[in-house]
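Q: Using the hints, put the two standalone chains together into the complex.
Given next are the chains, with one letter for each unit.
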Amino acid sequence: MTDPNFREPKEHELATLPDERLIAYIQEARTAGATEAMTLALSVLVFGYLDIVTRRVALKVPPADVDDVAHEAILSAIRSAFSGESIGEFRAWLNRITSRRIADYHRRLEGKPRTVPLLSGDEEDEAGWGEVPSAEFEGVSVDAERAIETAYGALSEAHQRIVDAYVFADRPAPEVAAEEATSEDNVHQVASRFRRRVRNLLEDGDS
Amino acid sequence: MADVENLFRSYVARHRAGENPSERELLTQVEGTDRDELAAMIDAYLARAPRRAWDPSQFEASGAAPFVESVARSLQGSAGFWPTLLPRLRTRMRVARKDLVGELASRLGVPGRQDKVGHYYHQMEQGLLPSEGVSDSVLDALGAILGESREALRRAGQSLGPAGGPGGTDAVFARTAVGPAVEAEVAAPAAAPRSAEEEWDEIDRLFRGG
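From first to last, the protein sequence lines stand for chains X and C. Following the numbering used here, the numbering of the first sequence begins with 116 at its first residue and continues without gaps. Following the numbering used here, the numbering of the second sequence begins with 538 at its first residue and continues without gaps.
Looking at chain C on its own, in the form it has when it is part of the complex (with noise of 0.2 Å):
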């Protein structure tokens, strides 16, 4: 059986130098209470470890740079933090957008309207649509697929404050490769296919109308 100290300062030295040591790894090498102290120390020792050096090529290689630009997209858009939040429940609850948007108009009763509905959600997750004017029942319906509750959502989606210009917005959808189609959208943001009183419906009214 391997020691604990070796083992952990073998870890340290590792990391430091910028290698990429397996915690998972190494604890397969203790057992019982070796395992829950070399685990402890470690996390210890990652609590306390200073930033990582910025390193742009690093960054790239690292698989961040989406996680980045949604955080980006929440920053700069009216709808808080829902373009981090809403891909990622989507993802934990393993939910295809399709199907989502599917059971979302199915839940507010307008399933035949999937298109206009999903029109929508995508604006959510973009950060396009401005959070206060999204209904409780959307927020009811859309926590019972995502497993959150809607004042979470809600607390979520609260506006950050103005952001600054939009040419700052253009700059971080231009990076996202999502289509003309969402490229328009951000020209006018807050703009929804409303161009006569008439066109203004249910859906409308569930998604911007408080």
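Isolated chain X, as found in the complex (with noise of 0.2 Å):
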């Protein structure tokens, strides 16, 4: 049965809950029994990071194992924030995981051949398995991150603003500057510095 006292937001509602409020529904909705409910967000908790993580691991893993990397990671960070772990922001967490647990890949992998399923999309019970070596993937390095996070913890928390913002999320150098009060121009450099000290960590191989 569930809580009588249990109130269900609407499906608009729960769309627009931060993370940490989105968790904690859904482990109010689980106590409740509000199953449906619980699901929903649920719902709306993976479908909101699992392209990011998925296109995340792609980056560094062969196609046949992308899937199964990605819904780690997610179940992986999940798993912590009903177990009572004190992990703190999310998203955060979820990046970390995400790292992590594209490297516990890379570590399984090693001295072991790449296969792939001779048989894919959804697991069949009844259908066979086989196995045939992999096309060499030419995968990304995971350290290549470490450059970027090198290149941006050296930066001040105004040029790490500015970089988010002008780099990475893709907004108008204009309004960038004026947010921050200060010159486009200077906007301009702080991103092109960013830019250069990450090609030069990459070069170096000394991120």
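Note that these hints are calculated values from the structure, not bench results. These numbers come from a predicted model, not from an experiment. Some hints here could point you the wrong way.
Where chain X lies over chain C, by a calculated footprint (3+ residues, C-beta under 8 Å) [said to hold, decoys possible]:
{"id": "1", "stretch": "552 to 564"}
{"id": "2", "stretch": "623 to 635"}
In silico contact screen, one side only, chain C against chain X (beta carbon under 7 Å); selected entries [stated by the list, open to error]:
{"id": "3", "residue": "Val-549"}
{"id": "4", "residue": "Arg-589"}
{"id": "5", "residue": "Ala-601"}
For each residue, glycine too, the CB sits at the ideal point set by N, CA and C.
A: This is the structure we're talking about:
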């Protein structure tokens, strides 16, 4: 039975809840036995991040294993959130977990030949499985992201905001300049210095 | 050779517009350090990208629904995250369920009792079997088949604490289309086929005796 005191928000309300509120709501719905509401909120959360995580994994993992690693990352993050672990901000935790699961994947592969299933798509119990060696995957170095972290970490908070807004959120330079009370030229310079630093770190391999 | 900055900006613009740009395709346009730089920039962009706005029709089309349902089963069941983890491990190891059950029965020393072992394994995957009752012997055997340690399986199966009433569980399983047998199990999730004490056997002990 669903707890009669449990209030189910409308779908559009759920969709706009920030991550931490959404997770708290999933927990409340679970405790109240409101399974439909819990599943809907879980769908909002997973849909919101699965594509992003899958794309990040696809940069570093062969296509045949991308979904598995992406699901594992999402699952680990959700598990931590519901096991009472102190995870801080869900998004930051999910990013960390995603990087870890990618690293775990490569550790597991060490010394093992890469294979892909003969069958793909939905797993079908009655169908047999087979394996063939996969084509060589020219993935991107797992450490490449450290170059970004290092270059980004060396910036002042104000410059980090400029890089976030202008480089990663693709907002117009005049808008960012106005928001940060600086010149448009300065926005370009900060972005350009950041990119150059990333490039140097990658070339030097000392990220 | 394409310019990294332009490729990156075009990727971001397309992704933010709701298109489906292929990272892999984009990366084939550059080589060496350019490729590493582009990948690192895309990765950093994605790590900061906002949560995708909820869209029920896109959700249905995305293929994420079965995954969400397995997570929901995990949150509602009494076996922690086994409903999500066990099928995934099975898929990763390319093991069909009937083969897994046969191997599990054999490793448990009951090769002729695949039906009953299969029944319990099914309950594990559905989150219907309280994980604390499942013996180390079962987890050792399962771990050997699925490439996981007993400890990892035990941890994954740890209960998340009591969930709400059984009405909720019905709602989750109603969408899984596993047939009347499982629906009957859902109605009494903790009840295995044990109507009389004499029916309790070695397999019950392995899966429910702790």
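Q: Each hint should be assessed against the structure and marked as holding or not.
A: Status of the hints after comparison with the structure:
Evaluation of the coverage hint for the stretch 552 to 564 of chain C: fulfilled, as 4 residues show C-beta separations to chain X shorter than 8 Å, against a requirement of three. A count of 10 residues in the stretch 623 to 635 of chain C with a Cβ less than 8 Å from any Cβ of chain X is obtained; the coverage claim is therefore met, three being the minimum. Look at C/Val-549: its Cβ gets to within about 5 Å of chain X, closer than 7 Å, so that hint holds up. Below 7 Å, beta-carbon pairs count as interface contacts, and C/Arg-589 has one with chain X at about 5 Å; its hint therefore holds.
Because the beta carbon of C/Ala-601 sits about 5 Å from the nearest beta carbon in chain X, less than 7 Å, this interface hint is met.
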